[in-house]
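Residues per chain, in single letters:
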Amino acid sequence: DTAVSQTPKYLVTQMGNDKSIKCEQNLGHDTMYWYKQDSKKFLKIMFSYNNKELIINETVPNRFSPKSPDKAHLNLHINSLELGDSAVYFCASSQGWDENLRETQYFGPGTRLLVL
Amino acid sequence: AQKITQTQPGMFVQEKEAVTLDCTYDTSDPSYGLFWYKQPSSGEMIFLIYQGSYDQQNATEGRYSLNFQKARKSANLVISASQLGDSAMYFCAMREGRGSSASKIIFGSGTRLSIRP
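So the protein lines, in turn, are chains X and W.
So the first sequence is numbered by my numbering: it starts at 1009 and just counts up by one.
So the second sequence is numbered by my numbering: it starts at 15 and just counts up by one.
Keep in mind that the hints were calculated from the coordinates and are not lab data.
Computed from a prediction, not measured in an experiment: that's the story for all the values here.
Some chain W residues near chain X, calculated using beta-carbon distances under 7 Å:
| id | residue |
| --- | --- |
| 1 | GLY57 |
| 2 | GLU58 |
| 3 | MET59 |
| 4 | LYS118 |
| 5 | PHE121 |
Here a beta-carbon is modelled for each residue, glycine too, at the ideal position from N, C-alpha and C.
Input sequences plus hints: build the corresponding full structure.
Spelled out as structure tokens, the structure:
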């Protein structure tokens, strides 16, 4: 059973194009995230949604627009793609602290975006 | 200032030996959580272990344990009896706040662990 799934896994496109990445989680979590991992493996949060509401927006260019149709889905649309957008984009979900004050956060498999 | 510091960019360890991956963090919030993730060459991010700031005991998950030293603000990952499949990038991460979705999780720069047969 896939907990957090993303499509597509690979995306190769030309500069200037618009593309979308989809993410779905079947864990029943309230919170979903988008992260960007650059070529040096540095992982940085882009957005966080809780129950379909935007919670965190980390000064990401407004060419990036997340959309959460329901709490199980968080999609990322990117307009006018630039060379610097090439990276691996990870979706993740979490539920915050449980009754034992423990938290888990699970990642999707990642989408490898290459802008030519 | 770096919130999460992993000082070992790379490590080589002999198979079956134990290995400790260092992580120090910086926060003034009394409530926080610490995570370790493994990223093999295939690219996925695998959740390994979690330690809450209020936990009295070190977290353990199978061969993974977290050496949590609160006063020193360190959360080192210990892998016992290393295996070839442990070769991967390992990331330490922290969330400030009470597991709140309003706070972000910050990642360290990672340590690349290579296990020698």
